[in-house]
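S.K.: Sequences listed follow chains A and B, in order. Position 69 (the first sequence) corresponds to 80 in the working numbering; numbering is contiguous. Position 55 (the second sequence) corresponds to 57 in the working numbering; numbering is contiguous.
Fair warning: there could be bad hints in the mix.
[Stated by the list, open to error] The calculated lysine-lysine pairs, modelled on BS3-like cross-linking and capped at a C-alpha distance of 27 Å, are:
id	chain 1	residue 1	chain 2	residue 2
1	B	Lys59	A	Lys67
2	A	Lys139	B	Lys130
3	B	Lys130	B	Lys146
4	B	Lys59	B	Lys153
5	A	Lys139	A	Lys56
6	B	Lys130	A	Lys65
7	A	Lys139	B	Lys5
8	B	Lys10	B	Lys59
9	B	Lys5	B	Lys59
10	B	Lys146	A	Lys139
11	A	Lys139	A	Lys65
12	B	Lys153	B	Lys207
13	A	Lys56	A	Lys67
14	A	Lys139	A	Lys67
15	B	Lys153	B	Lys130
16	B	Lys9	A	Lys139
17	B	Lys146	B	Lys59
FYI, nobody ran anything at the bench for these hints, they're computed from the structure.
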Amino acid sequence: MAALEFEQLVEVFYMPLYRFALSLSREPCDAADLTQQTFLLWASKGHQLREQSKVKAWLFTSLYREFLRGERRRGRESGREDQLPDVECPPVVANSLDGDAVVHALLELEETYRAPLSLFYLQEHSYKEIAEILDVPIGTVMSRISRGKAQLREQLADGASQNVTRREVA
Amino acid sequence: MTKEEAKKILAAYRSSDRDRLESYFAEALEETERDAELAQWFAEEREFDRAIAGHLKSIPVPFGLKTRILANIRSHTSTKSRWVAALLATGAAAVLLLLAQIIGASRASGGHSGSVSDYEQEMMSFVKLAPPLEMESLEIGPIKQWIVQRKAPLAEIPPGIASVETMGCRVLSFRGYPVTLICFCHGQTVAHLLIVDRAALPALKPGKPPVLASQEQWTTATWADQHYVCMIAVHDGPAAARRYLPHA
């Protein structure tokens with residue numbers, strides 16, 4: 012019974028968590044590791060959460076902190092950290108060519124904008140929850156979303172103009 | 003408020019706002035009623051948001067990720083913590099009930115029983131990378147006993163594979179149904195037998211010949227009896243898989 016309940020928790024959250032992880036790490040395999048690591052953390056520390064209505068925010072916050080910890084470790088160490096048993100990682104491709112360009116443009120953004128913008132577009136969280144997950148004031152979330160979108164538009168425009176140039180050259 | 007200021011605020015607008023931040027957006031929204039050009043920009047911006055959100059949500063998630071998360075957790079809980087008991091004790095029931103309702107709704111809409119292809123891909127993605135076993139034994143007897151004790155699915159094992167030396171077993175999960183995985187020695191590699199309740203894969207009808215499929219030097223053979231769906235997966239050609247099938 013308990014295993015089934017845990018599976019339900021995984022079922023509901025593993026996809027948005029993976030997509031958030033991908034937006035942070037930009038590597039499908041790293042994103043899969045981060046997602047697995049987050050559920051392992053939940054298994055060992057989730058019972059400490061007093062407000063059970065905050066499970067979702069807890070999972071996303073833990074994933075974000077785990078990502079930041081990993082980034083700091085990578086900064087200190089030259090080698091890669093130990094990884095969990097891996098899954099077959101698909102390339103980062105959305106459901107269409109345009110989608111592909113959009114996702115890659117999103118992943119090209121600076122991390123400062125990538126995280127709030129991904130949470131904004133995943134539509135899983137309120138602004139307040141996004142602020143809590145990223146540990147920044149809500150006003151900062153708003154301005155980063157706004158600036159991130161401007162940067163995203165620039166990336167997409169650059170990509171489109173490069174495609175036009177390539178076609179003209181061809 | 004200038005048009006540029008209004009745009010900066012409205013860029014973060016989302017209609018499904020749950021924070022009651024109306025006051026933050028109110029003035030900028032009023033500007034859209036006065037300024038047709040701003041209103042046009044805002045409509046395009048929301049369309050842009052819808053498109054980006056749709057693309058982000060369509061990013062594929064690795065097949066087998068969920069299976070592996072659950073497998074890792076099972077290993078973790080059996081050796082480290084009894085978080086589930088603590089979780090329940092601290093009142094998680096409400097959240098889990100909510101989750102159960104979400105899942106229930108998904109099941110009711112027909113979204114929860116999986117397709118055979120999804121099942122094959124998820125299980126294959128798991129077994130391709132040397133799956134960690136929960137129980138190891140060179141004999142089938144203790145393995146069967148372990149499976150029965152855990153009330154995991156156990157079909158009649160075809161004689162062709164039952165006579166092969168075993169390595170061990172574990173329980174996985176597919177769409178809420180437990181899946182028994184038994185590993186057998188297959189030369190230098192492993193032959194995997196996966197058993198799940200037939201309700202998990204209603205499309206497969208009992209009594210039909212096994213369906214063979216190949217992907218990247220692996221062969222799977224899947225069939226159903228009255229109660230279970232069985233799948234053999236070997237890192238080998240179809241002839242090797244056929245040896246292990248019922249009535250081979």
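S.K.: Checked against the structure, which of the hints given earlier come out wrong?
M.R.: 2, 4, 6, 9, 10, 17
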